[in-house]
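A.B. asks: Read off the chains here:
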Amino acid sequence: MSGSDDARRNSVGPVLRAGEVADAVVEAMQQDNPGKEFVIENRIAYVRVETEGECFIRQETLSEALGRPITMPEVEVNLTSFAGRIETTDTYMRFYLEKTL
Amino acid sequence: MALLDRSDWYDIARDTNWSPGFVSRDDMFPAELSDPYGIPEAEWETFDEPYKVSYREYVKVQREKDSSAYSVKAALSRSKFHDEADEGWAAVLKLHYGAVALTEYQASQFQARMVRFGPSPSMRNMATYGMLDELRHAQLQLFFPHELLPRDRQYDWAHEAAHTKNWAILGGRHAMDDIMMCRDAVTGAVMVSFAFETGLTNLQMVGLSTDAANMGDFTFANLITSIQSDEARHAQLGSPAIEIMIKNGKKKEAQLAVDVAFWRMWRLFAITVGIPMDYYIPLEQRHMSFKEFMHEWIIRQYDRQVRDLGLETPWYWDLLKDDIENHHHCQQGGIWSWRPTVWWNPPGAVGPREREWLEEKYPGWNDSFGTYWDVITDNLLNDREEKTHPECIPIICNMCQIPISNRPGPAWKARVLQLEHDGRRYNFCTEPCRWIFTTDPERYKHHESIVDRMYSGEIDPPTLDNVLTYMGIGVVSEGGRDGHDYSWVDGFRNQAAE
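Order-wise, the sequence lines are chains A and B.
FYI, the numbering used here numbers position 100 of the first sequence as 289, with every residue one higher than the one before it.
FYI, the numbering used here numbers position 490 of the second sequence as 790, with every residue one higher than the one before it.
In short, the hints are calculated from the structure, not lab data.
Built from N, CA and C at the ideal position, the CB exists for glycine as well.
Treat the hints loosely; a few may be bogus.
Unchecked claim - Here are the simulated EDC-like pairs of lysine to aspartate or glutamate, each with C-alpha atoms no more than 16 Å apart in a straight line:
# : chain 1 : residue 1 : chain 2 : residue 2
1 : A       : Lys288    : B       : Glu748
2 : B       : Lys745    : B       : Asp478
3 : A       : Lys288    : B       : Asp618
4 : B       : Lys465    : B       : Asp477
5 : B       : Lys360    : A       : Glu263
6 : A       : Lys288    : B       : Asp478
Unchecked claim - Now the stretches of chain B that chain A is said to cover, found in silico as 3 or more residues with beta-carbon under 8 Å:
#  : region
7  : 303-311
8  : 318-331
9  : 341-352
10 : 517-529
11 : 598-606
What the hints assert, rightly or not - For the chain A half of the interface with chain B, some residues (derived, Cβ under 10 Å), not all of them:
#  : residue
12 : Glu209
13 : Ala272
14 : Thr278
Same shape as in the complex, but just chain A (with noise of 0.2 Å):
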């Protein structure tokens, strides 16, 4: 287990409770981050999603996979937590880190 730990130490990224907008985030970010590798994790009650160091959700992005508006603040709604640090601003959301081990 310690050695998957040590592989994912860089891991950044939202963690949001299941149902539709979490299906969106994850589509929207496949395509929001292109050339990163996403791990998702699912856990029944919520999602993990996670990648190396860096990653955005957009608004634009994130309305066109859900189907209908979603304005950043809304996405608080079920973002229950995430790994990694957060930047917010109206149009995007960014996970990160800022040292790489």
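Assemble chain B onto chain A, guided by the hints.
C.D. replies: Coordinates of chain B only, in the frame set by chain A:
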């Protein structure tokens, strides 16, 4: 109507700082309530919370969260879930609500201290939302168990537990008074917002939701993940406070606050989440072990955040990893044995199949913790139920207030770590608990554990009945019994028959 982007006006709306004319700034923000580290006001003005929200957005989003939580509850309240759910799940709920509901009011008071005494205007602004968040959490977690009261009086502990002197509550209160109620705004932001709310609350509110959903209790799964979505936001008060402390030469102080608070919460949460995940949840509904959740949320996620902020992994991290293998297994044995002293019905739940699972998740479990349960199982199989109730009084840790124990087996490793201070001897369960005491003996030295109270005459005479009454047992509700009325030993009975 075109609205400005939030970022165009956010700083102006948030920065409600002014120069006091009638009192000095020191009078307005006394060090012992605000910032005891003497960091200049200009430095605090650089405080920039990473998770931003305006009041307008806050009200809209919170309304949406609440309507979702209440409508799921309303929709499912006609289901027969609670009629059919395993008593182990009821134990999870009773333990959770009793331990958590009123603690949320304390958390709200703590946030209110930051609202008033936070040295940075943006900290005060964010804490205002945090204060409202915690009120929401208290009210939800009082209202939700209330409908279960007609079914079982033990649910009354959701509201009553915090008003009693039950031993488990003394432990919770000691820790929460320490990190939330009796700290200045800055230290509290580091201890509560960062060390607590980005760490172990995730296990209680998100990790546990997986098992809740597996159980079919979507009301509870939805409730607790909704609560943690507030925490994820207001917990972000902690990181800028830590960064400003480090930048101003107070790294050592920030590290101390993180290390003390995390360990204090760990000792409690291993009981409120660890035991439910590995014992109370029926085997078929367990998704992962507590240890696996701890690695996901703490060893990987939380520790990484600690280091990204420029702090070090706590010095006791190897002791923590060891404690993850032991502490909650010990306390499952202790709480089950002392079941009349708690407000839920803890299932022993260590039948043959459960023991297989425990051995797989915690290799060596059978040869260690298993030997403790062998004796109990043997007594139950041979109609000696009375022998499953211990007659001795445990030794309680003078920091975490939890019985001192360790892994059983060929070598009995339980050790009391002692300390003499001001003519009194103190007992501790682990090095970190003793270390915390030494960081500030004046703060901790007067507190009496439940066992100290038996010897000091506060509980007089210290008969079992008197002790139980003192703890609210038989007053608020009856105390606990085995959650499955010992049906978990049937598997061994059948094995013997075969």
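A.B. asks: Now, for every hint given, state plainly whether the structure supports it.
C.D. replies: The hints, checked one at a time:
no. : hint                  : verdict
1   : Lys288(A) / Glu748(B) : violated, 44 Å
2   : Lys745(B) / Asp478(B) : holds, 13 Å
3   : Lys288(A) / Asp618(B) : violated, 23 Å
4   : Lys465(B) / Asp477(B) : holds, 14 Å
5   : Lys360(B) / Glu263(A) : holds, 8 Å
6   : Lys288(A) / Asp478(B) : violated, 32 Å
7   : 303-311               : holds (count 3)
8   : 318-331               : violated (count 0)
9   : 341-352               : holds (count 3)
10  : 517-529               : holds (count 6)
11  : 598-606               : holds (count 5)
12  : Glu209                : violated, 12 Å
13  : Ala272                : holds, 5 Å
14  : Thr278                : holds, 6 Å
This entry does not satisfy hints 1, 3, 6, 8 and 12, going by the numbered hints stated previously.
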